[in-house]
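Residue numbers (our numbering), protein chains in the order written: chain A, 26 to 172; chain B, 26 to 172; chain C, 26 to 172.
Wrong hints could be hidden among the right ones.
[Said to hold, decoys possible] Okay, the calculated beta carbon distance ranges per label pair:
| hint | chain 1 | residue 1 | chain 2 | residue 2 | range |
| --- | --- | --- | --- | --- | --- |
| 1 | A | E145 | B | F90 | 45 to 53 Å |
| 2 | C | D63 | B | T144 | 42 to 50 Å |
| 3 | B | A75 | C | D109 | 37 to 45 Å |
| 4 | A | E167 | B | A75 | 33 to 41 Å |
| 5 | A | P80 | B | Q91 | 55 to 63 Å |
| 6 | B | S112 | C | S107 | 14 to 22 Å |
| 7 | C | D109 | A | S94 | 44 to 52 Å |
| 8 | B | G78 | A | D70 | 48 to 56 Å |
| 9 | B | G111 | A | F90 | 34 to 42 Å |
Bear in mind the hints are in silico, worked out from the structure with no lab data behind them. Bear in mind that the values here come from a model prediction, so they are computed numbers and not experimental data. Cβ coordinates follow ideal geometry from the N, Cα and C atoms, glycine included.
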Amino acid sequence: MEISLEERFALQDLMTAYCYAIDDLSDINDLLDLFTEDAVLDFSDIGLRAMHGKPVFREFYENVFQDMSHHTHYLTNFRVESFDGGSATTYAYAQGLGLAKDGVETHVHVRYRMECVKTEAGWRCSRYEILTGMPMPPSLEEMHGDH
Amino acid sequence: MEISLEERFALQDLMTAYCYAIDDLSDINDLLDLFTEDAVLDFSDIGLRAMHGKPVFREFYENVFQDMSHHTHYLTNFRVESFDGGSATTYAYAQGLGLAKDGVETHVHVRYRMECVKTEAGWRCSRYEILTGMPMPPSLEEMHGDH
Amino acid sequence: MEISLEERFALQDLMTAYCYAIDDLSDINDLLDLFTEDAVLDFSDIGLRAMHGKPVFREFYENVFQDMSHHTHYLTNFRVESFDGGSATTYAYAQGLGLAKDGVETHVHVRYRMECVKTEAGWRCSRYEILTGMPMPPSLEEMHGDH
Chain A
26 MEISLEERFA LQDLMTAYCY AIDDLSDIND LLDLFTEDAV LDFSDIGLRA
76 MHGKPVFREF YENVFQDMSH HTHYLTNFRV ESFDGGSATT YAYAQGLGLA
126 KDGVETHVHV RYRMECVKTE AGWRCSRYEI LTGMPMPPSL EEMHGDH
Chain B
26 MEISLEERFA LQDLMTAYCY AIDDLSDIND LLDLFTEDAV LDFSDIGLRA
76 MHGKPVFREF YENVFQDMSH HTHYLTNFRV ESFDGGSATT YAYAQGLGLA
126 KDGVETHVHV RYRMECVKTE AGWRCSRYEI LTGMPMPPSL EEMHGDH
Chain C
26 MEISLEERFA LQDLMTAYCY AIDDLSDIND LLDLFTEDAV LDFSDIGLRA
76 MHGKPVFREF YENVFQDMSH HTHYLTNFRV ESFDGGSATT YAYAQGLGLA
126 KDGVETHVHV RYRMECVKTE AGWRCSRYEI LTGMPMPPSL EEMHGDH
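Chain A extracted, bound-state conformation (with noise of 0.2 Å):
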């Protein structure tokens, strides 16, 4: 697999983006923004929903954006597994803090994995899995499993 460093750094930025805008929990567009209309968000391998397209994971993070009162996801150990070109496999590790408007906190840690493809706009995620990393506290489900 040949990557240039610009492509490397491209995508690793795109998920840092999904930090940045999921942690700032103000503007829902910034977020999704960074997802194709069409994009699959599996979150099943940690105990929520897997979501097909736009329309129901806008849903999600509208609650999500809604009930938390502060969010911290620090991404480290990032690697591009697969790339051509037009598109690319992204993975890294993910700890995330949760503090929700009624107090209840959370603190996970997990791995993301994307599926990214290249547009005229940039680099854009098509697919993403988040994976466990430790065990989930309960806490997780607690927080977003109604959703």
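We have chain A; now place chains B and C onto it with these hints.
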């Protein structure tokens, strides 16, 4: 905003160097050399002080170095917010752990924002802000509040 | 010290690959392939052993893989300390979480230091040290001390 990868990583290295210097807890000049003489350090968002000019924040860090036994600051999610060749603004997430000589421990989740200027000796920080990530624990005020 | 970005990230990728391999807990050869045959692994600074040569540390890691249920090692603050074309020394911060099959949990804050040599197959580690970041918890000795 156009920025070369070389400049991007020179700017990231400046912020990383801050973490190494504040965690090394040995040579205060390694830390102070990263800043311009008239730099402003604004920690008011996390409940500490704003400090104008190196003589003021030198004293702050001398107290920190004297008080602390162990420091660890993990930097992630680095990005360049603006860049015009001679100046830049950078942003990252930081997870900071501290153990004071009196046994007090703290663990904070913050953001770093640095305004940087390019000098003949390389990039230096002219304004450094620590911003709230997750709500601050009471141990932070207990540890650094009197400086 | 002059180093190209390509070499810098090849060296960072070697350290990241160590994290992936130690966290995957499946194929011990993925892990061992990152080291030279005569590599020295010195974990004495954190209260564990120093090990000389692949046969010795292979046995150590076989025991780790057998004992552990989950592993997560977050790498940050990477930097190249020295580089001369054919060899390099790298340094980073690591946050390591472990859950053993017997239920013991640990969470350590350490530094990684790697001496690396460039081979025909790419960069390999010839000396790997784990250094204290924050004081070690008693659970580390309990988990790995008998290996």
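Check each numbered hint against the structure and report the violated ones by number, ascending. Violated hint (a single one): 6; every other hint is consistent with the structure.
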